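J.: Sequence:
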Amino acid sequence: MSDLHRETRLARGQVPPIDRATIQPYADATPGPFYYQRVAHPVGHETERLLGELEGGRALLFSSGSGATAALALALLGPGDTVAVANGGYWGTVALLEGELGRWGLQVRGFDQTGEPPDADLVWLEPCANPMMSFPDLEAVIARAHASGARVVVDNTVLSPVLLRPLEHGADFVLHSATKVLSGHHDALIGAVSCARAEDHERLAAFRSASGLGAAPDAAWLMLRGMKTLGLRVERQSASALELARRLAGHPAVQRVRYPGLDPDPVAARYVRAFGPLVSFDVAGEQAAVRVERALEVIENATSLGGVASTLEARARWEPSRVPPGLLRLSVGLEDVEDLWADLAGALEVMQRSNG
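Remember, this note's numbering sits 888 above the position in the sequence shown when you count from 1.
Treat the hints loosely; a few may be bogus.
[What the hints assert, rightly or not] FRET-style restraints, in silico, Cβ to Cβ: (1) G966 <-> T1191: 28 to 34 Å; (2) E1004 <-> R900: 41 to 47 Å; (3) G966 <-> A1190: 33 to 39 Å.
Read the hints as simulated data drawn from the structure, not as lab findings. Note that the structure is a prediction, hence the values are computed from the model and not measured. Every residue, glycine too, gets a C-beta built ideally from N, C-alpha and C.
With the sequences and hints as input, model every part of the structure.
T.: And the structure:
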């Protein structure tokens, strides 16, 4: 099937039964590949095979995106090492690396990923950064990082391998909170890392086994099931997100829209043809943002992103020192775009009336 198009391979891929057994008996006194679930299990193996094929690398599943982040940091770095993390990206990455692993001795440096990376042992990029939506010149930043001796992680959660394959641009690792776009249904907590080199894959697999950070069979099965519709979902979500970004940009109550596909970012346009489901926009302060949340009827006021149901939330609730107080993060799902726009426009009207 290697010569088939991506959507055909996704649709025709087998979804094996969920085998929840924590052990498999030895055959002829020889442990098999799935002898203990903490090491590997059948449905996880198939999910990793498919994701690795999509990424052009070797994939491993973890208990969550944060579990994958912890595994990368702990397996690759030591006390006193430095990781440079793109500003404006997922706040949980910084919270984990700087807050929790900072006590263990990891040094964290934030940087503008549209410019030069600082000296570091590991550089952490995030195209369509969540929620500030910056997009780096991947090949240039990766080349500079490699020239200084650093390795590079690209968090590709927002775009997925449908829109971007970072290993093709020189990345050493690709990370996903697979809870989001890859699984796509808000029903699986799971993470993933794809590696460019076999030796890194072996190192991370050993760390995963030792640490117990692997994904459970049920989550792996749900991710594999969700990936059957990945291409269709991403295409539809990207088209709806672009349309909503355009309409939001013309609304008098919206101060700013952040979406690289709006007046296309020339750097981003060199790497991707569509820009994913995430749109950030600003209204007049934190209270105004909360009023929009409360007025929604179709879009769910909830955290997370990438699912078939649209979600929106005021991000200052979680990261008040990192984002504008009125920033709203919208994850566009599969609802009709006219229904989504009617809901957003109605909520913005309620906000305007409340602001008087």
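J.: None of the hints should be skipped; say for each whether it holds.
T.: Checked hints:
no.: 1; hint: G966 <-> T1191: 28 to 34 Å; result: holds, 33 Å
no.: 2; hint: E1004 <-> R900: 41 to 47 Å; result: holds, 44 Å
no.: 3; hint: G966 <-> A1190: 33 to 39 Å; result: holds, 38 Å
Checked against the numbered hints given earlier, the structure satisfies every one of them.
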